[in-house]
Amino acid sequence: MKFLLTVSLLLLSLTTALAAEPLPSAAEIQRLGERMYRDGLLPSGAVMKAFVSDDVPVDGTAFTCVSCHLRSGLGSIEGEVVTPPTNGRILYQERKPYVQGAIHVPLIHNYAVYLPERPAYTDQTLAALISAGIDPTGRSVLKAMPRYELDDRDMAIMIAYLKALSDQPSPGVGEHVIRFATVIVAGTDPVAVESMLLPLQFSVDRKNRLAAAAGANPRVARMGYNMLGDLQSYTFTLARWTLTGPPEGWRAQLDDYYRKEPVFALLGGISPGDWEPVHRFCEENRIPDLFPVVDYPVISDSDWYTLYFSRGIRQEGEAAARYLHGMADLIKDRAIVQVIRDTRRGRALADGFRAGWQATGHTPAIDVLLPAAEALTGERLQQIVAGHKPAVLLVWDDAASLPAIGALAGQPDRPGLVLASGNWFGQALWTVPEPLRELVYFTWPWRLPQEDARFDISVNKIFAGKSPAAYDPRIVRQSYTTGEVLGKALMEMRGEYHRDFLYDTIGMMTDMYYPLYERVSFGPGQRYAAKGCFIVQLGKGEKPQLERRSEWVMQ
Amino acid sequence: MVVLNKLSRTTVLLLSLGLSWSPAFAASNDPAEEIFHIVNDYRYDPAGTGGDPDTGHTLCGTRCNALSADYLNYMEPGGWEILKVAADVEMTVPLNNPFMKGNCICIADEYLLRIDDLSRVHPVKSERARERSSEIAR
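Sequence lines, in order, name chains A and B.
Residues in the first sequence are numbered consecutively from 1, following this note's numbering.
Residues in the second sequence are numbered consecutively from 1, following this note's numbering.
Any given hint could turn out to be false.
Just so you have them, the derived chain A footprint on chain B, three or more residues with Cβ under 8 Å [as the list claims (entries may be wrong)]:
{"#": "1", "segment": "39-46"}
{"#": "2", "segment": "53-60"}
{"#": "3", "segment": "82-95"}
Estimated spans, in silico, between C-beta atoms of each pair [what the hints assert, rightly or not]:
{"#": "4", "chain 1": "A", "residue 1": "V56", "chain 2": "B", "residue 2": "A87", "range": "46 to 54 Å"}
{"#": "5", "chain 1": "B", "residue 1": "K101", "chain 2": "A", "residue 2": "G410", "range": "16 to 24 Å"}
{"#": "6", "chain 1": "A", "residue 1": "L436", "chain 2": "B", "residue 2": "T92", "range": "21 to 29 Å"}
{"#": "7", "chain 1": "B", "residue 1": "E110", "chain 2": "A", "residue 2": "D189", "range": "38 to 46 Å"}
{"#": "8", "chain 1": "A", "residue 1": "E547", "chain 2": "B", "residue 2": "K101", "range": "17 to 25 Å"}
{"#": "9", "chain 1": "A", "residue 1": "E374", "chain 2": "B", "residue 2": "G48", "range": "44 to 52 Å"}
{"#": "10", "chain 1": "B", "residue 1": "T49", "chain 2": "A", "residue 2": "E547", "range": "19 to 27 Å"}
FYI, nobody ran anything at the bench for these hints, they're computed from the structure.
No residue lacks a Cβ here, since even glycine has one placed at the ideal position from N, Cα and C.
Working from the sequences, and respecting the hints, build out all of it.
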């Protein structure tokens, strides 16, 4: 009874407050509302007061709306845990245990089947839900969600924010069309570019053929609808945005392309070096970019809009550090030396190692920088070894260093192991002479070749008559994965084509097994999908295989 | 009959849009059979070298896990059949560490992986193969 009274008093005060208080501008509501929703901070900057089990205070910056309802506010189903949408468009509709318009399609269901029916919210009942945890049927949600103490004005901002959240489809989504683009940095090896494009264009064409078939044949349309829902009738477009000149000039070109044709997302993209300006462009315009083919992704814990395959070249260095960490007790006080080719790649490998090694509290390795153009001779390497007597020698250089490493083999105080980048060695890795194979270890950021061959079955269909030999097999596999992840995500989005929901959806996906990487995994806010790297050695014999010396993800 | 064929092609088209398993169309030149292991446990055996048992145990974890397969890597490409052929086999391998000698005993279940030609033609069967494989995972 007392409880009901509280709620009705609250409603009364809100009714008046919501009507009386003037609200800030739409842009300001967006900014302040987003801060409450995502960071748990009030417009005043103070932490939102949150309570669980009705009266136990908790940290409002930990129990943020976004942590449960995700950025798009479009709801999630993860195993048993169902979080309903919290955007105005859906809240202000009655909830039925089916999706409007898809009543007879059992495959098209969503969170609504897991929660009781309720009438549409009003501003007042929504305020009651947020502040008291009571839904419009009088049911308490406090078992599942905190309640928040907000003054009337802050509540009004919160509600206005929820009303705008995922309200309109994102730019690039038209009636029955979703527009994509891919970014090509001029000067990239043409084979690499074609290898990136082929699988993307294949996915787009396949989708469009299906839409056309569905348009022509009602039976196909019905089946398509059962499988894909709304998505079935959409066609996709894929524009190619080519960037020329130095990176400083890319931003203006991107803005220009985007002004002419707003796209929902970027797919792939390729650059022989820099990517940062594209990354920034996506961040600032809130445009997703799925899996650009780049060696030097922007490394950030908080950036949102670019999803990378991995942390790039530096990830190999990080893996080397984790591998050596496992035998740190045996290395003891002996030195680790990094011989670093002074190029972007060499430095990225060394940075990755340095960061990983120091994060586990070890004495830093000794760095020896090799000028970009200076050959690494056997004498030079022997000198380095004689000078520092390292337990481990990291050689961050290309395969031209192999003879110099070979010269160490007979040296009495040679290091216990030499570690190099299998990626950088390229084909030459297979030419490591037998006596060296025991000494040299390689980082290998992919599935082992003999095990990846099984995926040819699925990948080869994209060649459709073209010769696979004309393409870069790794880039084809990367881009193939982009098409698969996109297809899977769009299917699960149930007609809600919002950019933030794309990432919310990908964040809910389980680990996946696609070509090239041993495993790709996602998770809310995770932006580097392949988290592992093997340490391998070349086996014995004339036709050696790579042998794993580590797991994919080392703890 | 003709209609059926047409329909099933459409199904394949639909399914291949985004589902993570992919029906197989082309034959490949993979070997027809392969053995793989899923490692359940491991031990370090200093084999008289005086290697420290704790460090050895940790390193054998990495060494043995490196020999272990993630069965999904075998199932996801589709078109393969997995048969368990032995349980808890003990495999002794050299530790292979430059700073410490001794052996690792990796205890593993052994599986035979075999091309399943039927499932290459009928994607539905490969779905069944997936179910079987998820039983393995449990």
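Could you tell me whether the CB distance from A/V56 to B/A87 stays inside 46 to 54 Å?
The hinted range 46 to 54 Å holds for A/V56 and B/A87, with Cβ atoms some 49 Å apart.
According to a criterion of three or more residues whose C-beta lies within less than 8 Å of a C-beta of chain A, is the segment 53-60 of chain B covered?
holds (count 3)
Between the beta carbons of B/K101 and A/G410, is the distance compatible with 16 to 24 Å?
Cβ of B/K101 to Cβ of A/G410: about 21 Å, so the range 16 to 24 Å holds.
Regarding A/E374 and B/G48, is the given constraint of 44 to 52 Å on their beta-carbon distance met?
Once the Cβ atoms are compared, 47 Å apart, the range 44 to 52 Å for B/G48 and A/E374 holds.
Looking only at beta-carbon atoms, does the pair B/T49, A/E547 fall within the given range of 19 to 27 Å?
Holds, since B/T49 and A/E547 (Cβ atoms, about 22 Å apart) stay within the stated range.
Given coverage of the segment 82-95 of chain B by chain A, tested with a Cβ cutoff of 8 Å and a minimum of 3 residues
violated (count 0)
Could you check the hint for me, namely that A/L436 and B/T92 are 21 to 29 Å apart, CB to CB?
Because 26 Å falls inside the window, the suggested range holds.
Status of the given 17 to 25 Å range, CB of B/K101 versus CB of A/E547:
Check passed, 19 Å falls within 17 to 25 Å.
According to a criterion of three or more residues whose C-beta lies within less than 8 Å of a C-beta of chain A, is the segment 39-46 of chain B covered?
violated (count 0)
Distance restraint hint 38 to 46 Å, applied to the beta-carbon atoms of B/E110 and A/D189
43 Å, holds
In this structure, the hints that do not hold are numbers 1, 3, in rising order.
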